[in-house]
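*Asks:* Next come the chains, spelled out residue by residue.
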Amino acid sequence: MIAAAINTGALLKMLYTSLLASVAIAVIFSLAILGATRSSDMRRARRTRPATAYAALAGAGLILTAAIIAYGLILVANKS
Amino acid sequence: MSSDIIMVIVVGTALAFDFTNGFHDTANVVATSISTRALAPKPAVALAALLNFVGAFLSLKVAATVAQGFVETGAVTPTVVFAGLIGAIAWNLITWYFGLPSSSSHALIGGLVGSVLASAGSGAVEWQGLLDKLVVPAIVAPLVAFGAAGLAILIVYRIVGRLRPGPVGRGFRLGQLASSSLLSLSHGTNDAQKTMGVITLALVANGDIAASNFHVPDWVVIAAASAIALGTFVGGWRIIRTLGTRIIKMDAPQGFAAQGAGAAVILAASSAGFPLSTTHVISGSITGAGAAKRLSAVRWGVAGNIARAWILTLPAAALFGAAVYEVSNRFGTGATGPIVITLVLTATATGLFARRQRQTMPSPATS
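So the sequences go chain by chain: R and P. For the first sequence, our numbering gives the first residue as 4, with consecutive numbering after it. For the second sequence, our numbering gives the first residue as 4, with consecutive numbering after it.
Certain hints may be false.
[To be verified] Facing chain P, a subset of chain R residues (Cβ under 10 angstroms, in silico):
no. : residue
1   : Ser33
2   : Ala56
3   : Ile72
For the record, the hints were derived by calculation from the structure and aren't laboratory data. Glycine residues also receive a C-beta, built at the ideal position from the N, C-alpha and C atoms.
Okay, chain R solo, but in the shape it has when bound (with noise of 0.2 angstroms):
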């Protein structure tokens, strides 16, 4: 009976989406403050070149989590 009323495959789809989901952001948020942090220590130092790669590894990290969200919002949006 129980067996039967638990949807195992909905739930397993739950648990690993769920942890892909929180370990995307978290590390794509992390990623986005590294770069703005070292970019701007690089930019101190006078280093041109990997403040501008910091620079872009931050914009990055930050586009991507706002996709996410944005992606978030969709499922929000359309929820069953």
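Following the hints, put chain P in place on chain R, whose structure we already have.
*Replies:* Chain P only, in chain R's frame:
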């Protein structure tokens, strides 16, 4: 005439429940932002209220699940809905009084199941739906949130651990604006719809809407969105304190990881078809973010009290719902029972608020 009076009482009670839901669950979305000082308390609560209002308009599918997934619609009368709502409000008030973040959604469904059990017996309850859509997600979701937040914070510390703490803290506080906004929206979508579902269920039971033409009227959507937003704005400061500071003392990365994991679990569960409690998820993720840093950082006694409130919510609200239905029935099938019970509940709630106000007021200085 009598059934119209009952319907007015049911709609009023449902909106009162929606208000207590917003009031009670404000903590879920704003506690971590306030705790890490990402946002000052008043703007945090105002933002949550606004996004709860907006979120309530995003989808109506959960409303249909609540109205049709847990009890036989044929067994539902306006008095049954009224008794279920009062059971849920009573349990929400009790857990609010003790500062415990229990699930308003589970209280609502528990209250309804209890009143249906009292009125029509166990055959009118969809036990499989209850197990599949409520009990299993209630057990799994907090554990997943605990693990996801724990894993996330370990990775965050690995990446930013050697950086200067000032910019890192500022960055994560900014990130919390986005993560708490996402949580507020999903809360408004989830929880306001549960009230919409209950009001629509009562409208079907009263014959105002045909069961074959199930739809949520616009005025129900607007009223439920406004009630949950108002409740959120007034805010449940006692529960904010429990979630924000008493489980763990959080830093900004922990707050971000907890909210990010909470939002991820709610959205993943929604896309997999599990309606679940935001309270359970965010409590699990806050505890996970704390435990991953240091097990002793979590106040396990507080976490244990919260877990006990979760386990008790469904049966306790069901018991209240059944008792309210029985008491209401003693006054006959008219509007007298609901009127008397509403007056008693209003007086009790006012007394509880006054008592709490007195307890939290600073005592006058003595010379």
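*Asks:* If a hint holds in the structure, say so; if it doesn't, say that too.
*Replies:* Do the hints match the structure? See the list:
Interface restraint check for Ser33/R: the shortest CB-CB distance to chain P comes to about 4 angstroms, inside 10 angstroms, so the restraint holds. For the restraint placing Ala56/R at the interface with chain P, the shortest Cβ-Cβ distance is roughly 16 angstroms, beyond the 10 angstroms limit, so the hint is violated. Checking Ile72/R against chain P: minimum C-beta separation of about 6 angstroms stays under 10 angstroms; hint holds.
Of the numbered hints stated above, the single one contradicted by the structure is hint 2.
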